[in-house]
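Chains as they are written, first to last, in the UniProt record's numbering: chain A, 1 to 390; chain B, 1 to 330.
If you are wondering where the hints come from, they were derived from the structure by calculation, not from laboratory data.
Among the clues, some could well be false.
Lysine to aspartate or glutamate pairs mimicking EDC-like chemistry, simulated, CA-CA at most 20 Å apart [stated by the list, open to error]: (1) B:Lys198 / A:Glu376; (2) B:Lys51 / A:Asp187; (3) B:Lys190 / B:Glu19; (4) A:Lys387 / B:Glu282.
Beta-carbon label-pair distances, calculated as ranges [said to hold, decoys possible]: (5) A:Glu47 / B:Val125: 48 to 54 Å; (6) A:Pro382 / B:Phe2: 43 to 49 Å; (7) B:Val299 / A:Asp187: 55 to 61 Å.
To be clear about the criterion: a stretch of chain B counts as covered by chain A if any three or more of its residues have a C-beta under 8 Å from a C-beta of chain A, and this derived list gives those stretches [said to hold, decoys possible]: (8) 64-76; (9) 86-97; (10) 103-111.
Every value quoted in this text rests on a predicted model; they were computed, and no experiment measured them.
C-beta: ideal position from N, C-alpha, C; glycine also.
Spelled out, the chains give:
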Amino acid sequence: MTYSSFFQNQPVVGGVNGARVVVSRSFADFTPQASFDIKKCDVHRLEEGPPLKAELTREQGLQYYRIMQTVRRMELKADQLYKQKIIRGFCHLYDGQEACAAGIEAAINPSDHLITAYRAHGYTYTRGVSVKEILAELTGRKGGVAKGKGGSMHMYAPRFYGGNGIVGAQVPLGAGIALACQYQGNDQVCVTLYGDGAANQGQLFESFNMAALWKLPCIFICENNQYGMGTSMERASASTDYYKRGDFVPGIRVDGMDVLCVREATKFAADHCRSGKGPIIMELQTYRYHGHSMSDPGVSYRTREEIQEVRSKSDPISMLKERMLSNNMASIEEFKEIDVAIRKEVEDAAQFATSDPEPPLEELCNHIFHNNPPLEVRGTNPWVTLKSVS
Amino acid sequence: TFRVTVRDALNQAMDEELERDERVFLLGEEVAQYDGAYKVSRGLWKKYGDKRIIDTPITEMGFAGIAVGAAMAGLRPICEFMTFNFSMQAIDQVINSAAKTYYMSAGQQSVPIVFRGPNGASAGVAAQHSQCFAAWYGHCPGLKVVSPWSAEDAKGLLKSAIRDDNPVVFLENELMYGVPFEMSEESQSKDFTIPIGKAKVERQGNHITLVTHSRYVSHCLDAAAVLAKEGIECEVINLRTIRPLDVESIETSVMKTNHLVTVEGGWPQYGVGAEICARIMEGPAFNYLDAPVTRVTGVDIPMPYAKILEDNSVPQIKDVIFSVKKTLNV
Numbered sequence: 001m002t003y004s005s006f007f008q009n010q011p012v013v014g015g016v017n018g019a020r021v022v023v024s025r026s027f028a029d030f031t032p033q034a035s036f037d038i039k040k041c042d043v044h045r046l047e048e049g050p051p052l053k054a055e056l057t058r059e060q061g062l063q064y065y066r067i068m069q070t071v072r073r074m075e076l077k078a079d080q081l082y083k084q085k086i087i088r089g090f091c092h093l094y095d096g097q098e099a100c101a102a103g104i105e106a107a108i109n110p111s112d113h114l115i116t117a118y119r120a121h122g123y124t125y126t127r128g129v130s131v132k133e134i135l136a137e138l139t140g141r142k143g144g145v146a147k148g149k150g151g152s153m154h155m156y157a158p159r160f161y162g163g164n165g166i167v168g169a170q171v172p173l174g175a176g177i178a179l180a181c182q183y184q185g186n187d188q189v190c191v192t193l194y195g196d197g198a199a200n201q202g203q204l205f206e207s208f209n210m211a212a213l214w215k216l217p218c219i220f221i222c223e224n225n226q227y228g229m230g231t232s233m234e235r236a237s238a239s240t241d242y243y244k245r246g247d248f249v250p251g252i253r254v255d256g257m258d259v260l261c262v263r264e265a266t267k268f269a270a271d272h273c274r275s276g277k278g279p280i281i282m283e284l285q286t287y288r289y290h291g292h293s294m295s296d297p298g299v300s301y302r303t304r305e306e307i308q309e310v311r312s313k314s315d316p317i318s319m320l321k322e323r324m325l326s327n328n329m330a331s332i333e334e335f336k337e338i339d340v341a342i343r344k345e346v347e348d349a350a351q352f353a354t355s356d357p358e359p360p361l362e363e364l365c366n367h368i369f370h371n372n373p374p375l376e377v378r379g380t381n382p383w384v385t386l387k388s389v390s
Numbered sequence: 001t002f003r004v005t006v007r008d009a010l011n012q013a014m015d016e017e018l019e020r021d022e023r024v025f026l027l028g029e030e031v032a033q034y035d036g037a038y039k040v041s042r043g044l045w046k047k048y049g050d051k052r053i054i055d056t057p058i059t060e061m062g063f064a065g066i067a068v069g070a071a072m073a074g075l076r077p078i079c080e081f082m083t084f085n086f087s088m089q090a091i092d093q094v095i096n097s098a099a100k101t102y103y104m105s106a107g108q109q110s111v112p113i114v115f116r117g118p119n120g121a122s123a124g125v126a127a128q129h130s131q132c133f134a135a136w137y138g139h140c141p142g143l144k145v146v147s148p149w150s151a152e153d154a155k156g157l158l159k160s161a162i163r164d165d166n167p168v169v170f171l172e173n174e175l176m177y178g179v180p181f182e183m184s185e186e187s188q189s190k191d192f193t194i195p196i197g198k199a200k201v202e203r204q205g206n207h208i209t210l211v212t213h214s215r216y217v218s219h220c221l222d223a224a225a226v227l228a229k230e231g232i233e234c235e236v237i238n239l240r241t242i243r244p245l246d247v248e249s250i251e252t253s254v255m256k257t258n259h260l261v262t263v264e265g266g267w268p269q270y271g272v273g274a275e276i277c278a279r280i281m282e283g284p285a286f287n288y289l290d291a292p293v294t295r296v297t298g299v300d301i302p303m304p305y306a307k308i309l310e311d312n313s314v315p316q317i318k319d320v321i322f323s324v325k326k327t328l329n330v
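Using the sequences and the hints, build the whole thing.
Pasting the structure below:
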């Protein structure tokens, strides 16, 4: 292979000791697009499911890789910061489940809506918030996406409604967002996520009923990572066929470790909703490497062997990378460069998150009401009156 | 002037706001085709149709959550609870999803929603259908809690609540729905609103201040009429809003009369009257009190059914008169 000097978009990355490493192959050498077989989805009350093949372009592949790897590294950095006690309280990490967030975002439009529960950092990122603002929110600084007032479970962005702490409460909210889409006639959908633990909540069934009755454009997605905190799905659910639990709502069960499978299924679901057929349920079979939260080691209710097996056989990032390499869609060096760039991004973000100041005390009582004249808020004792502005 | 029942005033308020802003819609049990369980939404479905007036299944947690989600995504829902007793099934959505969100999001996500419905005791509906929720909702930052008395209150405050960009809990009273009131000329304007957070002095007096809300404003005015014959002039303050509480109006009055009696239908412990007592003690009016504040409240029991028991479970006019005289030591 000759090293031509006529490279297009030649990426240059700083290597060890400042030595400059140049990618040695031009884009013309790579396969621009390939078709991949994806696992067939089980269906419920549907004539057919998503396609069995997915097209992937080189650009898409690198983008999905970048997104998943960024989420992975961001979550591992959060783990580190939590153990250093720089992050406090609840911290529910998403590593292992990256294909879900990346695949869903790849299939919907930025103008669509998404709401999830508390394992939300991945979605906060895919919905447009920077790693810097996410980590700074976790460390409770004023540069955090919610100015340090929300924390891990309460991050918001346009068309992203959090981050919700109460198990299951986000599901009726999501159905309501879908109602607003229908009401406004804007052809948008709402992706409403919940876990296998929340799948037994009564308010979900209330939401399924109303969504089906009114044909709301709501994609209900169960991220089944097999454990609701320390309780395996078999010990919590009389039926673990979460994609069927909507009864009269059609459902599909999807390999949640394969970003292409998730993408195709979500496209299928979004088409279903946009065509006015009403809600649909997707069960994504996925896995979390960490325990339920940082206070749960995650090995009292499952074996280390089980976790290791998923890591070695089904890791979403490895799977995508191997697919692309074996189809000559990218080079190992490219992936390494991306990894290096992401590490730097996450490191810089962590640096910001640990050095940015905490929110000023003057902010304590702000944001109680919207579009409201300033009001007085009682402090801890009668002589302390604090000011609150919108 | 116009003689209008509280029910019709509420209906007018919703009708005008539905017409004014297409993002406003009403959802709840029986609000559409039944014309409302208490006929408050009579005629609205016929006028505005299925899109704007939505009958829900009997699933409070679900439809309250749906209403909150719709508010987050740009609409302006009015969520009706057939009575506030049923709001307990949905209270997580009211507090954790609606009230706290603007704060948790540091001002990024507002929730312009109204939760309305009858609150407190009715007649013969027994314990599970008679609770007053003023204190429970009044406890929570992020909510505005309104409790109208007259038809003018009902119309002006409901219009304000619907136009407010924040979650408002609007506590009506079933026994007041059919009561007619004179309404002012200005209240007939489509832009007539009453500000949330401001109490109204319904009757001026120099000897003692009566602070109350909702149905008990009537009781206090009736008691004041009886007491006036004995030379005792009561100042009656209609709170109109539970949260934020208009402490200043109460203090101004107490600094004039030196005596205070609170009157409410809810239970005494941790109630509206208890809060007023605490606030008076913390402010300038304390030094003007010639006697401790007296609270007149519902009896501290679940509401019984038998008429004689029920009648004696809530404040009566004679209880207000008695308490005024005790407070004045006459």
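Verification of the hints:
no.: 1; hint: B:Lys198 / A:Glu376; result: holds (14 Å)
no.: 2; hint: B:Lys51 / A:Asp187; result: holds (16 Å)
no.: 3; hint: B:Lys190 / B:Glu19; result: holds (10 Å)
no.: 4; hint: A:Lys387 / B:Glu282; result: holds (18 Å)
no.: 5; hint: A:Glu47 / B:Val125: 48 to 54 Å; result: holds (50 Å)
no.: 6; hint: A:Pro382 / B:Phe2: 43 to 49 Å; result: holds (44 Å)
no.: 7; hint: B:Val299 / A:Asp187: 55 to 61 Å; result: holds (56 Å)
no.: 8; hint: 64-76; result: holds (count 12)
no.: 9; hint: 86-97; result: holds (count 4)
no.: 10; hint: 103-111; result: holds (count 8)
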